[in-house]
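Number of protein chains: 2
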Amino acid sequence: MTETNIEIKPIGIIRNSISDPALVADEKGLRQNRDKKAVQKGFHETEEEVSEIILREELKDLLSGIEEYSHLIILYWGHGISGDARTLKKVHPMGDESFPLTGLFCTCSPARPNPILMTVVELIERNNNILKVKGLDAIDKSPVVDIKPYVSEFFPRNDVSIPEWMRKIADNHNSR
Amino acid sequence: MTETNIEIKPIGIIRNSISDPALVADEKGLRQNRDKKAVQKGFHETEEEVSEIILREELKDLLSGIEEYSHLIILYWGHGISGDARTLKKVHPMGDESFPLTGLFCTCSPARPNPILMTVVELIERNNNILKVKGLDAIDKSPVVDIKPYVSEFFPRNDVSIPEWMRKIADNHNSR
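Protein chains in written order, with the working numbering: chain A, 242 to 417; chain B, 242 to 417.
Just chain A, same shape as in the assembly (with noise of 0.2 angstroms):
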């Protein structure tokens, strides 16, 4: 069964002024593309980034209701990711070597076996086939592979347990 792979159609594409993706990975492994307030920066600029979801014509009906949420998860597949930095089999998170070498599947990295990244944004608005969100954090041109309504019902929020490296990159996103 694992065998098999899988082919995937985009449904669209993201369009935003982010041409520059702020980590980067070759086989050696995940780095910081520019210094670390750079980086910080970055992030934050992420933030408020706004960006468009041109879909498929032909998919525009299923975006039907799709204003009455305020928040939709976008699946996107990271094609600037290297096949030698798909192989990577542990990074040290963020590209920061304070933090410990840790295993791929631990860590956000957008270089991973299957690129398949996933952000939770701020619908702006819809027009016709194209969503005007806020938040993504995909470079330009990224194949959208899915998007999804955010419930929050759907996410544990107590009772959750993470290293301790992972608490201080999530002190500081929730400190902004």
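These are calculated hints, taken from the structure and not from any lab test. By construction, the Cβ of each residue, glycine as well, lies at the ideal position given by its N, Cα and C atoms. Watch out, some of these pointers could steer you wrong.
[As the list claims (entries may be wrong)] Just so you have them, the derived chain A footprint on chain B, three or more residues with Cβ under 8 angstroms:
hint, stretch
1, 265 to 271
2, 286 to 294
3, 330 to 341
[Said to hold, decoys possible] Calculated lysine-lysine pairs in the BS3-like style (CA-CA distance at most 25 angstroms, straight line):
hint, chain 1, residue 1, chain 2, residue 2
4, A, K250, A, K409
5, A, K331, B, K250
6, A, K269, B, K250
7, A, K250, B, K375
8, A, K250, B, K373
9, B, K373, B, K301
10, B, K373, B, K250
11, A, K301, B, K330
12, B, K269, A, K301
13, B, K269, A, K250
14, A, K250, B, K331
15, B, K330, B, K375
16, B, K301, B, K382
17, A, K301, A, K250
18, A, K373, B, K331
19, B, K382, A, K250
20, A, K301, A, K382
21, B, K250, B, K331
22, A, K330, B, K373
23, A, K409, A, K331
24, A, K409, A, K301
25, B, K250, B, K382
26, A, K301, B, K373
27, B, K301, A, K330
Given chain A, put chain B in place with the hints provided.
Below, chain B without anything else, positioned relative to chain A:
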């Protein structure tokens, strides 16, 4: 860009006792596979269901450090969804005709253009390349495409709005 198909190689497979999905779909729409009470019961049982995720042996190092998380996000492929079901545009959510006919991307229907399905599960234990998890609503033998850490700080909690019909589903989910 949206013309190029994406190829995904599953990272592993799900094993559990769920052979029979609560919701089924064909070209005519989404419907409940059993009577309404059985569907409700099915969803409750799924929350308690313990599944094994068996990773490809060569990927076991990517789990290094996973025991420090209590919850994981599992992306898996809805391998039981037919080609016809993937062309649906609108459905009655949960196959319940008292809910309005709604665009696919506004629902959690497993029948969608790219059935990459997502569940947040509780991690019970890891044994080499096998994860034992609770609450995975996949059927037996579903291919797994990605595993991500669940960090509640990355998900909004306040000022989230959803349609009235989804509020009913969410309230029912939360009252358990």
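To see whether the hints hold, each was checked on the structure:
1. 265 to 271: Violated - the stretch 265 to 271 of chain B has 0 residues with a Cβ nearer than 8 angstroms to chain A, which falls short of three.
2. 286 to 294: violated (count 0)
3. 330 to 341: It holds: at least three residues are needed, and the stretch 330 to 341 of chain B offers 3 whose Cβ sits within less than 8 angstroms of chain A.
4. K250(A) with K409(A): 37 angstroms, violated
5. K331(A) with K250(B): 19 angstroms, holds
6. K269(A) with K250(B): With Cα atoms ~22 angstroms apart, K269(A) and K250(B) stay inside 25 angstroms; holds.
7. K250(A) with K375(B): 31 angstroms, violated
8. K250(A) with K373(B): Roughly 31 angstroms separates the two Cα atoms, so the pair is violated.
9. K373(B) with K301(B): Between K373(B) and K301(B) the Cα gap is close to 14 angstroms, so the pair holds against 25 angstroms.
10. K373(B) with K250(B): Answer holds: K373(B) to K250(B) is near 22 angstroms, not above 25 angstroms.
11. K301(A) with K330(B): 9 angstroms, holds
12. K269(B) with K301(A): 19 angstroms, holds
13. K269(B) with K250(A): The given pair, whose Cα atoms are some 22 angstroms apart, holds under the 25 angstroms limit.
14. K250(A) with K331(B): Holds: K250(A) and K331(B) sit about 19 angstroms apart, inside 25 angstroms.
15. K330(B) with K375(B): Judged against 25 angstroms, a Cα distance of about 32 angstroms means the pair is violated.
16. K301(B) with K382(B): 19 angstroms, holds
17. K301(A) with K250(A): Roughly 16 angstroms between the alpha carbons, so the hint for K301(A) and K250(A) holds.
18. K373(A) with K331(B): Given that 25 angstroms is the threshold and the Cα spacing comes to 22 angstroms, the pair holds.
19. K382(B) with K250(A): 23 angstroms, holds
20. K301(A) with K382(A): Within the cut-off at roughly 19 angstroms; holds.
21. K250(B) with K331(B): 29 angstroms, violated
22. K330(A) with K373(B): This hinted pair holds, its Cα atoms lying about 21 angstroms apart.
23. K409(A) with K331(A): With Cα atoms ~19 angstroms apart, K409(A) and K331(A) stay inside 25 angstroms; holds.
24. K409(A) with K301(A): Violated, at about 40 angstroms.
25. K250(B) with K382(B): 15 angstroms, holds
26. K301(A) with K373(B): Roughly 39 angstroms separates the two Cα atoms, so the pair is violated.
27. K301(B) with K330(A): Given pair K301(B), K330(A) holds - Cα atoms ~9 angstroms apart, limit 25 angstroms.
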